[in-house]
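J.: Take the sequences, apply the hints, and build the full model.
Position 242 of the sequence shown, counted from 1, bears residue number 241 in numbering that gives the first Met the number 0, the numbering being contiguous throughout.
Fair warning: there could be bad hints in the mix.
[To be verified] Between beta-carbon pairs, the in silico distance windows are:
hint : residue 1 : residue 2 : range
1    : 27        : 353       : 46 to 56 Å
2    : 288       : 29        : 44 to 54 Å
3    : 349       : 104       : 36 to 46 Å
4    : 61        : 296       : 39 to 49 Å
5    : 282       : 24        : 27 to 37 Å
6    : 309       : 64        : 25 to 35 Å
7    : 116       : 353       : 38 to 48 Å
8    : 343       : 27        : 54 to 64 Å
9    : 214       : 149       : 29 to 39 Å
10   : 66        : 24        : 22 to 32 Å
11   : 349       : 27        : 49 to 59 Å
12   : 357       : 70        : 40 to 50 Å
Honestly, the hints are just simulated from the structure, not real lab data. All C-beta atoms, glycine included, are put in the ideal place defined by N, C-alpha and C.
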Amino acid sequence: MREYLLVFLVAAATTYLLTVIAREIALRTGAVAKVRDRDVHAVPIPYLGGLAMLGGLVAAYLVARQLPFLSQSGPFVFRDAGIVLIAGALICAVGVLDDLFELDALTKLGGQVLAAGFLIAFGIQYIFFPGGEGVQVSIDPAQGALLTGFIVVATVNAVNFVDGLDGLATGVVGMGALAFFVYCYQLANINNVTLATTGALLSASLAGACAGFLPHNFHPARLFMGDSGSMLLGLVLSASAVTLTGQFDPEQISAGAAGSRASFVPTLLPLLLPVSLLVVPIVDLVLAVVRRTRAGRSPFAPDKQHLHHRLLEIGHSHRRAVLIMWMWAALVAFGTVLISLYSTEAWMWVSVSAMAVLTLGVTFVLPKLRRHHPLPDAAA
Numbered sequence: 000m001r002e003y004l005l006v007f008l009v010a011a012a013t014t015y016l017l018t019v020i021a022r023e024i025a026l027r028t029g030a031v032a033k034v035r036d037r038d039v040h041a042v043p044i045p046y047l048g049g050l051a052m053l054g055g056l057v058a059a060y061l062v063a064r065q066l067p068f069l070s071q072s073g074p075f076v077f078r079d080a081g082i083v084l085i086a087g088a089l090i091c092a093v094g095v096l097d098d099l100f101e102l103d104a105l106t107k108l109g110g111q112v113l114a115a116g117f118l119i120a121f122g123i124q125y126i127f128f129p130g131g132e133g134v135q136v137s138i139d140p141a142q143g144a145l146l147t148g149f150i151v152v153a154t155v156n157a158v159n160f161v162d163g164l165d166g167l168a169t170g171v172v173g174m175g176a177l178a179f180f181v182y183c184y185q186l187a188n189i190n191n192v193t194l195a196t197t198g199a200l201l202s203a204s205l206a207g208a209c210a211g212f213l214p215h216n217f218h219p220a221r222l223f224m225g226d227s228g229s230m231l232l233g234l235v236l237s238a239s240a241v242t243l244t245g246q247f248d249p250e251q252i253s254a255g256a257a258g259s260r261a262s263f264v265p266t267l268l269p270l271l272l273p274v275s276l277l278v279v280p281i282v283d284l285v286l287a288v289v290r291r292t293r294a295g296r297s298p299f300a301p302d303k304q305h306l307h308h309r310l311l312e313i314g315h316s317h318r319r320a321v322l323i324m325w326m327w328a329a330l331v332a333f334g335t336v337l338i339s340l341y342s343t344e345a346w347m348w349v350s351v352s353a354m355a356v357l358t359l360g361v362t363f364v365l366p367k368l369r370r371h372h373p374l375p376d377a378a379a
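T.: Following this line, the structure appears as structure tokens:
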């Protein structure tokens, strides 16, 4: 755990420092977000935050290779992590081009598919489905490749869609990465296998990169991650979960915690973890596509009706809307992990229920209370 904490801190510190350089590059190259009708920022903000986060991920990877415990892990751990980072650099480059020249949607999609194809070509793909009663359902390599490509591209676009308020995407992905780290670490610990896994390494690094970028990105933001950052975060998070199926025995994933082997739902949740970690932005993505298609417009046509815009409409401040979206992301992410690992524990259901009630209350009850009893908004 101490080495993973160091990996987190290295990623956070490096990203925090490199963000200053990325901001200067953005200003000099003209990669600046102009103010549009659908935006909530009032002044132009530079892009290219993804470059700083990529630097943080690479620094964490290089440091991890020198640590006593992680450096002695199986060769596949750093091999797979390196492949994910190369794919991340590829999709980050596509994002930089978009931040500079505003690429069309089809070109960006091509870059996303290319990065996902790179992962698949080097063996980062789904191999099996964990079933109930310890059953392993192997899938054809072609089917695994298609499923992997779909999950990666969908997650990349989900993060891109949710990147609409200062600090929103950074916090949502950071919550997802922390939850997935807990899942990987506890799954290995419960099954008495090595704690050094690609998923844990990448998720700890990703959480650190988000933490280091957040001070520059929280409202009022001094730098946006841009497509270079949102697509990088989506790819690394989804690829981290994909690596899990190649580094754990299927029965270990199916078993989870003691006593959960006979339950079908906990065995299914780890398969859906990449989607469940980002269920909030994915729901936003689906609603946006339906809304725009019904209006006779392109699914990629921008508007100002995302979930975060609606939170602003019902009375939340900018910062509070972001914090609420973080709470929803944490509820889904950590709730999924807890159910997957501790489905038979009463304390788990009580904890998840309490988290759900608190999140619902803050989302829908707080605005009504503040309208009747207005108080100074310290977070506004």
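J.: Could you run down the list of hints and mark each one as holding or not?
T.: Consistency of the hints with the structure:
Against the hinted window of 46 to 56 Å, the Cβ-Cβ separation of residue 27 and residue 353 comes to about 49 Å, which satisfies the hint. Range check, residue 288 to residue 29: Cβ separation about 31 Å, and the 44 to 54 Å hint is violated. Distance hint check for residue 349 and residue 104: the Cβ-Cβ separation is about 45 Å, which falls inside the suggested range of 36 to 46 Å. Checked against the hint of 39 to 49 Å, the pair residue 61 and residue 296 passes, with Cβ atoms roughly 45 Å apart.
Judged by the Cβ atoms, the range 27 to 37 Å given for residue 282 and residue 24 holds: they are separated by roughly 34 Å. The given range of 25 to 35 Å is broken by residue 309 and residue 64, whose C-beta atoms sit roughly 45 Å from each other. Under the hint 38 to 48 Å, the C-beta atoms of residue 116 and residue 353, about 43 Å apart, fit the expected range. The hinted window of 54 to 64 Å between residue 343 and residue 27 holds, with their beta carbons roughly 57 Å apart.
Evaluation of the 29 to 39 Å hint for residue 214 and residue 149 yields a pass: the beta carbon distance comes to about 34 Å. For residue 66 paired with residue 24, a C-beta distance near 31 Å keeps the hint of 22 to 32 Å intact. Residue 349 and residue 27 have their C-beta atoms about 54 Å apart, which keeps the hinted 49 to 59 Å range intact. Take residue 357 and residue 70: their Cβ atoms lie about 41 Å apart, and the range 40 to 50 Å holds.
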